[in-house]
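Asks: The primary structure of each chain is shown beneath.
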Amino acid sequence: MSGRLLPFRRGPARAPLRSAGPVRATAAAPAAGAADAARFGALIGPHIDAAYSLARYLARDAAVAEDIAQEALLKAFRNLGALQGLPKPWLLAIVRNAYFDWRRRGDDHIVTGPAAEVALAEAPDDGHVSAEAGLIRQGDVAALRAAIEAIPEPFREALVLRDLEELSYREVADVTGAPIGTVMSRLARARRMLAERMGVLEAQAVGAKP
Amino acid sequence: MSACPDQELLLHALADGELDAGNALALEAHVAGCAGCAAELAAIREVKARLAATFAGYPASASLRASLDAAIAAETAPPAPRRRVGAGTWVMGGATGALAASLALLAFIPTGASLESQLVDAQARSLEAQHLVDVATSDRHTVKPWFNGKIDFAPPVVDLAPQGFPLVGGRLDRVDGRRAAALVFRRHAHVINLFVWPADAPAGATLEHRAGYSLVRWGHAGLTYWAVSDVDAGDLLAFQKAFAEATR
Numbered sequence: 587m588s589g590r591l592l593p594f595r596r597g598p599a600r601a602p603l604r605s606a607g608p609v610r611a612t613a614a615a616p617a618a619g620a621a622d623a624a625r626f627g628a629l630i631g632p633h634i635d636a637a638y639s640l641a642r643y644l645a646r647d648a649a650v651a652e653d654i655a656q657e658a659l660l661k662a663f664r665n666l667g668a669l670q671g672l673p674k675p676w677l678l679a680i681v682r683n684a685y686f687d688w689r690r691r692g693d694d695h696i697v698t699g700p701a702a703e704v705a706l707a708e709a710p711d712d713g714h715v716s717a718e719a720g721l722i723r724q725g726d727v728a729a730l731r732a733a734i735e736a737i738p739e740p741f742r743e744a745l746v747l748r749d750l751e752e753l754s755y756r757e758v759a760d761v762t763g764a765p766i767g768t769v770m771s772r773l774a775r776a777r778r779m780l781a782e783r784m785g786v787l788e789a790q791a792v793g794a795k796p
Numbered sequence: 043m044s045a046c047p048d049q050e051l052l053l054h055a056l057a058d059g060e061l062d063a064g065n066a067l068a069l070e071a072h073v074a075g076c077a078g079c080a081a082e083l084a085a086i087r088e089v090k091a092r093l094a095a096t097f098a099g100y101p102a103s104a105s106l107r108a109s110l111d112a113a114i115a116a117e118t119a120p121p122a123p124r125r126r127v128g129a130g131t132w133v134m135g136g137a138t139g140a141l142a143a144s145l146a147l148l149a150f151i152p153t154g155a156s157l158e159s160q161l162v163d164a165q166a167r168s169l170e171a172q173h174l175v176d177v178a179t180s181d182r183h184t185v186k187p188w189f190n191g192k193i194d195f196a197p198p199v200v201d202l203a204p205q206g207f208p209l210v211g212g213r214l215d216r217v218d219g220r221r222a223a224a225l226v227f228r229r230h231a232h233v234i235n236l237f238v239w240p241a242d243a244p245a246g247a248t249l250e251h252r253a254g255y256s257l258v259r260w261g262h263a264g265l266t267y268w269a270v271s272d273v274d275a276g277d278l279l280a281f282q283k284a285f286a287e288a289t290r
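Chain order of the listed sequences is R and C. Start counting the first sequence at 587; every next residue gets the next number (the working numbering). Start counting the second sequence at 43; every next residue gets the next number (the working numbering).
Any given hint could be a false lead.
[Unchecked claim] Simulated pairs of lysine-lysine, DSSO-like, Cα-Cα distance not exceeding 27 Å:
no.	chain 1	residue 1	chain 2	residue 2
1	R	Lys674	C	Lys283
2	R	Lys674	C	Lys90
3	C	Lys186	C	Lys90
What the hints contain is simulated information worked out from the structure, not anything from laboratory work.
Pulled out of the complex, with its shape left as it was, chain C reads as follows (with noise of 0.2 Å):
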């Protein structure tokens, strides 16, 4: 059994959408009288379900990052003072390019690393490692009780699927030198690692950028939160106003 010659591209831009509405409507009448591009046609699509469900894509490294964040301070030069960039990187103005990179590796021994490099390199960890979470599951009754007793406050576990922003799972992380819940969400193809502890914060987001991550910080009912994910920004406020409208 196999799709008709003529047919079976077609077959395969219908399964990506890649059809105009006419085209479609006309190979799917071809479709159902025809039990070869019939079955072509659920092979593709259980192909494609199936690289959706097991994403094969390679996160980039924390060192890459770090490394394009060393060579983008070290050619975002000119005459400045000390000025801190990227990842508790100190960039020297008028420094040649190469005695910035030495500086800029010296930097990232991770000593005083900033709170907010320190959450970017959680990030990249959980995605390398796959190490993502601990509990694996979107069931909020299951995620909530599994941080008691590992964790010395309650973060509230909402799952924001219907946002566009599933719950995949919860992790311990540590952040500070102090424990955190990191709660995973998913948009599409990427991750938002949500880091919780106890701490007072101002209640209205702020946003930054880092290392090709966007974080999210805001404060609620004594606890602080940040959100990290290589999402687009405006995504990541979008997912912040999801979680603080539904833990509200």
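Chain R on its own, in the form it takes in the complex (with noise of 0.2 Å):
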């Protein structure tokens, strides 16, 4: 036990996104009996759903997510001893690693890692989505999922883990390894997107740097 498994990263810096994570299984963990398949049921149970939505708004895959979906929940179950403070943003950091896990893991085309996360974030606000995706109607939840989709990674991870999961802003903050201001500001960026596909501000009101 050390550090490694504390879920939170606190602290002024930046985390870098590829750090060894919050939670690795170790090596020989010592067998679980009853008693904690019935905690992790009681602690964990509630926040499956959130688990499972987060890895599918990472990686937009139903069938990737499961796996990484599943691969969390049995991180979490491992170490559910280290689990201090709340497990919804707990276990959902937990997600967010094993999609990173996933991502290093796989497809070279997919750029990622710290340079990657900040060249998005910094990257020039052209944050209209194409006005021939159409506006969505209150109500369609299909509609409602792709336009969330369609937002660049840490604004769409910012929104999912504070208006889907109502994480709270430092919640969201410990999960992403990032200070509070940059969450507030990919919150509002991503709210901005979605308020244009929503019609509720023009796209050329909002977004659009003077």
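Both chains come to you apart, so use the hints to assemble them.
Replies: Structure representation (structure tokens):
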């Protein structure tokens, strides 16, 4: 047990995305018992949907998301002893790491790592979603999901964690390893993109920098 | 028209309830006199309201829950005699992970699935297929007659919105080879399925956990009730209490 097992990176510096990550299964985990399964059910059970949903919004693929969620949930089970604080942000941090592990393992056509994220985050704000995509009708779940999935990654993640999973800014910052100010600006950009698609704001009026 | 650049992030924080009282008051005073910021704040609130109204999260599939159950059962090893775990899974003590996993796969062929696992499957199915309700309304006077002629008993229907569990609607389901009424309630972003069918059961509430779901069972007036949800166990017990009191 070391600091590596702590899920939240604290401190002012932005933790590298591909740090060892909060949770690693220990090589020789002691055999778990029925009591652990019950504790897992009580603490983590209510957040299984949240784990899958985050994996789905990160990976944007149902099958990959199942794998990532399954791997993350098992890691959570094995490391339940390291849980401090609230289970939901802890679990979602594990899901997020499992996603980045998957990306690192996988296709090299996907640019990964801190440099990629910084590049995205610093990219010029071409925040409009293409006009031909059309507006989302209220109550249209599929259209809303598609619109969220169309948001570039760091912004999408902030929106999902805050507006779907209802984490606080502090928790989003902990889960993503980003400073709160960064979380806030990502969230604002994500919402702006969504607002355009919802027809809540006119595309020209928002996002465009003078 | 747009928000003052130095206020924009704070407007989001205000809408998110993330500002302390002093800063919230100061910003509200600014918004009162600034059309751009007022419009931005209204837009933020509208986006949030629509996200809340159309929950876009993806529920975990029944197969994910089942394979998680199986994996945990496989890790919850050592020397126990044959023991029932999870959704009808048989796990052998001392079996290797691989063997246990393949056994688990076999065990998920739904023959002789326990009542609990059937209920969990029904809950997962209702979320996946977007076939949550056959009759969608929060009006109990619409839901109750809807069951007439479809089932041979009359489940009590109440809206528990004041207690934090708004009624979403009703659905016909099948449990243990017979028709059951499923009443659907919401708790924040979570769904509670309440399965009802005629059978005597003890009045006291019993809680159990399965595949990440909590199940609470009780009986009243010749009907058996099973509430199934992924809300936390405390919430589900609160739901049971509220429902039992409202239908006493």
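Asks: Is the hinted pair Lys674(R) and Lys90(C) satisfied, with a Cα-Cα distance of at most 27 Å?
Replies: Holds, at roughly 21 Å.
Asks: With a cut-off of 27 Å on the C-alpha distance, tell me whether Lys186(C) and Lys90(C) pass.
Replies: 33 Å, violated
Asks: Between the alpha carbons of Lys674(R) and Lys283(C), is the straight-line distance 27 Å or under?
Replies: Holds, at about 26 Å.
Of the hints listed earlier, the one the structure fails to meet is number 3.
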